[in-house]
Every structure is written in structure tokens, then in C-alpha cells.
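Each chain, letter by letter, is given below.
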Amino acid sequence: VKDGSWTVLQLVEALGSCLENTDPRTRGRGIQLLSQVLLQCYSLLQAKEVLHLVLFYENRLQDHHLVIPSVLQGLRALSMCEVLSPGLAVSVLKAIFQEVHVQSLMQLDRHTVYSIITNFMGTREEELKGLGADFTFGFIQVMDGEKDPRNLLVAFQIVRDLIAKNYALGPFVEELFEVTSCYFPIDFTPPPNDPHGIQREDLILSLRAVLSSTPQFAEFLLPLLIEKMDSDLQSAKLDSLQTLTACCAIYGQKELQEFLPSLWSSLRREVFQTASEKVETECLTALHALSVCLSRSVLSSDTEDLLDSFLSNILQDCRHHLCEPDMKLVWPSAKLLQAAAGASLRAYHCITRSVLPLLLEQYIKHPQSSQRRTILEMLLGFLELQQKWGHVEEDESTPLSLQDRVCSVVFAALMDPSVQLQLVGIRALTVLGSLQGFLSPSDLELVVDHLIRLALHEEDSQSSEAAMEAAGSLAPIYPKVFSGRMVPRLEEELQSGQEEESSRDHCSRQQRCLQALAAVSTHTSIVRETVPVLLQHLRTVQKGSEAKNAQDVVSVCQSLHRVALQCQQDVEGCWYYHQTVVPCLLAMAVAMQESTYPLLGKALLEEEVLAAMVPVISAATTHLSPELAAQSASHMVPLFLDGEVSFLPQNSFPCSFQPFEAGECLEAQRRLVALLMAFVCSLPHNVTTTAAKCFAGLVNKHPEGQQLDEILQLAVNRMEPSLVEGPRRTQALTLLLWVTKALVLRYHPLSSHLTDKLLGLLGDSELGPAVADGFFLLMAESPDVLHKGCHANVRIMFRQRFFTDNVPKLVQGFHGAGPGVKANYLKALSHVLNHLPKPVLVTELPTLLSLLLEALSCSDRVVQLSTLSCLQPLLLEAPQIMSLHIDTLVTKFLSLTSSPTMAVRIAALRCAHALTSLPVTVLLPYKARVIRALAKPLDDKKRLVRKEAVAARGEWFLVGSPGR
Amino acid sequence: QVNDAESTVAVEFTPTIPHCSMATLIGLSIKVKLIRSLPERFKLDVHITPGTHASEHAVNKQLADKERVAAALENSHLLEVVNQCLSARS
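The listed protein sequences derive, respectively, from chains E and H.
Per full-length UniProt numbering, the first sequence starts with residue 1, numbered consecutively.
Per full-length UniProt numbering, the second sequence starts with residue 1, numbered consecutively.
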């Protein structure tokens, strides 16, 4: 039929005897064949054929029940036909509604019926609407009593479409509601190994979509929700609250009016009584939604304002709790009020008008700082809400009218000796500052003074940090005040610190000054003020010659780094920063290298300083736009290559700066990040690690091609001899590791060669352990170079690839290795495994597990230790697979708890602890044995062992017992 | 007070208020935690700080009675409450 060599008519004729057979079984088989054919080629049918087939099938619906499933299949095929002539869809549906009792069919056949309906609804919407409410009624009958979750999902979808596409519901609204709401709240746990993958969540969401799809359901739904909120089941509560929230999005005053008092009382009860945070949050969201919904509807002058009465209800119930800051109900009440107030400007006014004066009054009434803190925190919550509405007219805003009183309360809090109260006060300041027009200029100056005092002179570091943070977040709003008032004060403070040296107090105050300077630099104009101050300070510090100055330089660099991070987002500020700071730092570094090279004592300190400078430069550079970066690169390249120092300020030193005389990595210096690292390794005292990192960075970024291959070949040739023997083996290894990492990250073909070399070195008795640790480096995200943040060439899934390429070799190597070096392979393996994404690990685990278990019986304690540390995370992550080996694991772990090595005992106990995350049913048979065996290490002579034993044993006691 | 040589441990605890109804449960929880965490050789004595609870005597007696403690732990409801007290997280 598909090829067109037969027509459907011929097929029917050929099947004739079968279709008319008196035995229902034979007839069924005939129809089944026909239906299968139709399902495969429904798109080829002619309109006339379809007409006849539809009539035939409709007729067959009255046939024996054995035949019905195949008939429905056929109808489903026909329902997908595009040429179906008008009127047929209606008649098919009518026939189905009339002749078939859907709920007595099998699940699959019911599903077919639903798909027929869905198909028709998709293509023949107009015709079905012509049926009017009869269609709705027919469907209600079809789905009434449905139990299978798969079908329910489809049925809910149909109901939603019914409502969303405005099918006539007629008098059947209540029936439609009944037939769906009987599933609420959904209580369904998917059977284990369910192939259909229907989750409880899917059902809940689709039912909620149905229930909250029309305001017509409101009168039935709301009582149901109120009833279910009383339920003992937390899931039911959550579900009803979430549904309520969803409903509020479409309901209006009219629907809610009748039920408001009872809704409020249920919500209040839940918030006041519940112990669960989730329920509380949901209640608050629901209340918020309710209040949004009420404030949305337009007021007509003659009706009572529901919002007003609703809010006054809330106020009445919550207000008196606010006056007792020691009692439990304070916070719930405040949260309820805030949730309601956050809904709209109108609600906000209504509530704050009464609450804010009350809180201020209470603040004065309660002298204890803990009570005051609670009150201030609530006040803060209300003020924060104000931010949502942006700028408000003067006469409308309640907080504005209370401005003086609020300010005085907050300032009083800032002067309070209690740190906690101060912290809240500082937060309040931040909020007040962000309310536009709230603070008058004189208040603002007062605020800045307070912040300076707190930041510099407050003894508690917490509040000083908080003050700096507040200053940072307020600075962009009032840049003038901060740059005009705070920066000069800080500068003064810094300079005064220099004159009278050495006292400890001053030292820390200077630190604070630096931190504060960094903290306020959140706006471009302030950055322009602070950076010169910091640089000036850096220069003066550098001129001094005592040892402690290095520390100072480091802390200035830290501040500079922070400024850099803060102005990264802002193009202009970033560029300014880059232009000012980087040359200055470079100049200083070069100058330092020139002048202090002979002094060995100084050198050590410098490394520290350089380490602090590197992040500053890299932070300043990473967010530069490409053109700007190119521009600054054009300055930097001559600097490093030719000793061109003219762009550095104060270039009074001789031009002997030529770090690349060795010339090894000359070719690939186009990229800025690499240059920065090159900058670091060009300085004499840094060890090989940074040089290796630098080279790796270059290799990772260099474009594919002959040049790269040449460089690599050169590098490999130079590494190989020094790897074999000699004093520089470790350095060579470091380089090898970094280069390998760079190549593994970008899938370079040479990487496999290098990893093979590493694998070979695992067997080396001297370098083996270092190589094993090197695998950590290969797999882990490196914090400073070669990660996505600095635009390294990182291909996705490089870990998986590395795993599949190398783990078989590792396993092989382990089996072939001598007893002394087995541990190296194992350690390397465990590094690889620990960094592998969990899903991959779980599929590969079964093959590796036997190896790990075997290694546990190995007598070498290093092997034992690394195996245990490899197994522990696996126990937590892949309990299903591990539970297959429970017997071996328990035995091995318990015997290792009496190992002579303390570290092994601890690791074994940790593993025993981790075992408790396996399924309870697996663990129960071993419970008694483990508990008995763990009694011994409780009396261990080492405290750390005892500690682990207590933790593990305590957890085992809880296995399978109630109340866990 | 711990005496390692003589293998004894004595714990005193002070209930929040003299009529604290949870005193027995607190004592029991302390006792169970100790039983689980200490080697078997230790002899445990858990009692209320003298003069801080109305029915101090009765509670101390209950806590000292091995059989009553054992019986309490057979009771699954009570065991659940105690376990809840002892499981750190959740």
C-alpha cells in the first residue's frame, strides 16, 4: 500500500472474508491488520476512502469487545488524516462517547481514545466547538475514574486546552472541576524502575495548571484548598499553597471575596504554628500573591475596598505581636506583614502607615540591645520593601514623613556598644541610602562620618568590615559626598600613619585605611580619586627600606586587586585603572629588580610582593576589550622584548631590561595573559613552577600548526634528557606536567605521547609519588592559569576523554608494577576518579571496583591509604553500585580499623562512616557486627581515631532505627 | 568528670527550669550518646546538678536504673525521640 501498488480498497476486499468472519477473534485480527496498515500510511489516503473507512469503523464500535482495541487504533490513524471531511470528526467522537465505555478498557486503549481526542482538538477546533457543551460532557464521562498516571497527564492537558481555547463548558463547570479536583492533592510515588519516567512533580504541575486555569473554578477550588491546608501531610499543604499562589495570578476580587477571612486565618495559623521553613515560605508567597491580586483589581467607588479590609484584618492580628520583641510570634507576624506589604504600593502604604510609627515607638520603649536589634531588623525589612517602588512622591510615602525619627533611631543604633545592633544599623544605613531623596545632605554627611568612624576605629572587625561594605554600596549613589569627604579623610589618616611609625595600633589602622579605600572604589569617579592615593602610598612605602615594608606593599596590592575587581564591569573605569596602575606596577617591579638584585634578604620578600602583584595585573587585564588590550599589549611587548621602557612613568633607570635573551618562547607572545605570566617568570627568583605555567599557557593558546609542533618538539627534546637523570629531574617533571595539562586541555595529538611518558614515570621509584600527585594537577581546575576565566583553550569533556584513554593503561600498569610503586598507580587512579563527573564514574565503576577491592587487601599501607581515600567519596556518590560489594567492604574496613598505622585506621573509620549512606536494607544485616567491631577503636590510644570511631559508630546506631 | 584509670565518667546537667519536663529525656539522651561513644569499660553516671530540678531525685533514680534505660530503648517511640536528639543534622 505504501508503494502505491495496492489501494486500501483492494486491501479491504482481500481481507473481506476475514472482516466478516463470525468468530470475533478472527474479525479482530483482520481489523488489527487494517489498522496497522492505516497507521503507517494515513497520509496517503483519499478523502473518499477516509469517509468509507470512518463509517466502517464507527459501525465496528458496536462490535464485540475483543475487536474494540483494534478499531480504536484504526480511528486514531484516521484522526491524523488531513483529508478528513468536515463533520466526520464530530461523528466519530459522538460514536465513541456513545458506544464505548472508556474506563472499562485497558490502559493502552484508553490512551488511544485520549490521543484521538487530542488529534481532533488540534486540527478540528471549530467543528468540536460546534458540538457545544456536549463535547465537554462527553469528555468528562470519558475521563471520569481514570487512574493511570500516563493517561492522567494527557487528560489534564486536554482539560487545560478545553479551558484555554474557550470550549463551551455550559452547565458542566462543576462536573469538570469534580472530575479533575478529585486527584488533588496528588499522592503518587512512581514505582521503582518505572520506564515511563513520570514523576510526582509532573502530575502536580499539570493538575495545578488545570485547576488554576480559569476563575470559573474559584467557588469550588478555594474551599478545597482551605480544607487541604489543614491536612497533616506537609506535601498536601505545600501543594495547596502553591496552587493558591498560582490561582491568584488570574483571580480577581470577585472570586476571592467570599473566602478571604478563612484563607487569612488558615495562612496565619500555618505561619504561626508551623515548624517547617518550606511551609512558612509558601504561606508567605501565597499571602503575597493574594495581596497582589487584591491590589490589582480596579476600585469602583461604590464597592468596599477589599484590600483595605483584608489588610486591616492582617494588621489587627499581627500588630500586637510586634510589641513583644522577646516572644516567638514577633518574626512570623513581621514576615506576614512584610509579605502583604510587598505586594503593591497601596498595600505598602496601608501597612507602613500603622506599623512604622509603632516600631519606632517600641524601639524607644525597649532599652535592651537584643530587643532593639529585633525591632530594628523588622524596621529594616519594611524599609527594604520601599526600594521596590522606586522614587515616590513626597507626600505619599510614609517613611519619608518619619524621616527624622528613623534617622535618629538608626544613628543611635550605630553608636550602641553592641556589635550585633551596630551591624543591623549599618545594614539599615545602606537601605536608607538607597532610598532616593530620603537622606538630606546634612544627614548624608553624618552617615559618611559614622561610616568612617566605624571603618577605622571600631574594635570589632565584623562591624568595621560591614561599614566598609556599606560604604562601598552607597558610594555609587552619592559619589560626590564620598570622594569629597571620605577619601581625603582616609588619605590624611594614611599619611599621619607614616609619620609616627611602628606602633601596632597604627599598623592595623593603616591596613583598615587601605581596605576602606578599596571598598569605596565602586564608582568611576571615586576610583579616579582613590587609585592615585593608593599608588602614592605604594611609592612611599617602597622607598622605605625596612623588612616590614614588603608586608605593606602586599596589602596595598591586595587593595588594588580589590579595586580592580570592582571596576571590571565598567569599561571606562577599567581602562583608566589599567592605564594608571599597570605601568606603575611594572615600573616599580623593574626598578626593584634593578636595584635590589644583590640583596639576598630582600629577594625572598619580593617573591611575596610579586605574587601579590600578579592578580592585580591579571584582574586589570581580563576584562579589557580586545582593542584596548591590543593597545596595551603594544606597549608591553616592546617592554619585554627590547627593554623599551619609555611608556613607564619615572623612567630614570638604565635600559638593561631584557628578560628574553634565552629566547625560548619568543615566538608566541601575542596574547596578553601569557605575557603577564611571562612577566612573572622573567624575574630572577621565581622557581620553575611559574615558568612551567607560563610555557603551558603559551602552548595552550598557540594556534595549531607547524610552529607549535616545532616548539613542542624543542621542549620535549630538552626535557627528556633531564628527566632521565641528573639533579634537575623534578624541575623537568614540573614542566612536563604543565605542558601535558596544556595539551590535554586542547586535545592535542602529542598529549597522548606525554601522558604515556607520565604513566611510565609512575613506575620510577624516585619520581613516582610526585607523578602520582601530578595527576591531580592534570585533572583539577587550576586556580591561576589554564582555566576558562583566562581564555584558555579548554575543550569540553577533556576529563572523560583522559579517563577513557588512560585508565586501562593505569590498571594494566598497576597489575604489572612492583610492590614498592603500586601505590603510585593507585594514587594516580584515585585522582583521576575523584575529578571525573559522577554520571560517567557510575557507569565505569563496576569494572574498576574489583581492582580497588583487591588493592585493599594489599599489605602496603600507602596503597591501603590511597585506596581508602579513593573509596570514601565513591561510597557517598554511588551507593547503588557499592552496595553490591557490601560484604567485602564491611569486612575489609573493619579489619583495617585495627591497622598499626593511625592514618589507615582513621581512613578506614571514615569509610565505615560513609557506608551508612548505602541503602538501609543492605546495611541492616551488618549493623550488629559493625557496632560491635567499632567498640574497639572507641578505646584507641589516639584521639583523632577515637573521634572518627565515635562519629562512625553513632551513625551506625541510627541505621534503620526510627527517628533518623 | 572523667577518670580514665578507674574507667568512670560522671556527667552533671542543668535543666533550663526547675520544672523542665524534658529533664528525663535530656538525661536519657546524654546517657545513650555516652553508651554509644565510650568504650564498654566505662561506668556511666548521669545526674542532674543538685538543686536545679523539682523532681531531681526521681529523675536521677530513673537514669541510674540500667533496666529502665534498657527498657526505654526497647520502646520504639522513645528510641525515635532519642535518635532525633542525637542525629546532628536534618
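Just so you know, the hints here were simulated from the structure itself, not pulled from any lab data.
Some clues are possibly wrong.
As the list claims (entries may be wrong) - In silico DSSO-like links for lysine-lysine, alpha-carbon gap of 27 Å or less:
(1) Lys66(H) <-> Lys936(E)
(2) Lys927(E) <-> Lys947(E)
(3) Lys936(E) <-> Lys33(H)
(4) Lys941(E) <-> Lys43(H)
(5) Lys278(E) <-> Lys335(E)
(6) Lys33(H) <-> Lys941(E)
(7) Lys147(E) <-> Lys228(E)
(8) Lys31(H) <-> Lys61(H)
(9) Lys33(H) <-> Lys61(H)
(10) Lys61(H) <-> Lys927(E)
(11) Lys278(E) <-> Lys228(E)
(12) Lys941(E) <-> Lys61(H)
(13) Lys927(E) <-> Lys43(H)
(14) Lys31(H) <-> Lys936(E)
(15) Lys61(H) <-> Lys942(E)
(16) Lys31(H) <-> Lys927(E)
(17) Lys936(E) <-> Lys43(H)
Each hint, compared with the structure:
1. Lys66(H) <-> Lys936(E): holds, 22 Å
2. Lys927(E) <-> Lys947(E): Satisfied, since the Cα-Cα distance of roughly 20 Å is no more than 27 Å.
3. Lys936(E) <-> Lys33(H): holds, 16 Å
4. Lys941(E) <-> Lys43(H): The given pair, whose Cα atoms are some 19 Å apart, holds under the 27 Å limit.
5. Lys278(E) <-> Lys335(E): Measuring from Cα to Cα gives roughly 14 Å; hence the hint holds.
6. Lys33(H) <-> Lys941(E): holds, 20 Å
7. Lys147(E) <-> Lys228(E): holds, 21 Å
8. Lys31(H) <-> Lys61(H): holds, 13 Å
9. Lys33(H) <-> Lys61(H): holds, 19 Å
10. Lys61(H) <-> Lys927(E): violated, 31 Å
11. Lys278(E) <-> Lys228(E): OK: Lys278(E) and Lys228(E) at ~16 Å, within 27 Å.
12. Lys941(E) <-> Lys61(H): violated, 33 Å
13. Lys927(E) <-> Lys43(H): holds, 24 Å
14. Lys31(H) <-> Lys936(E): Given that 27 Å is the threshold and the Cα spacing comes to 19 Å, the pair holds.
15. Lys61(H) <-> Lys942(E): violated, 35 Å
16. Lys31(H) <-> Lys927(E): holds, 21 Å
17. Lys936(E) <-> Lys43(H): Cα-Cα ~16 Å, so holds.
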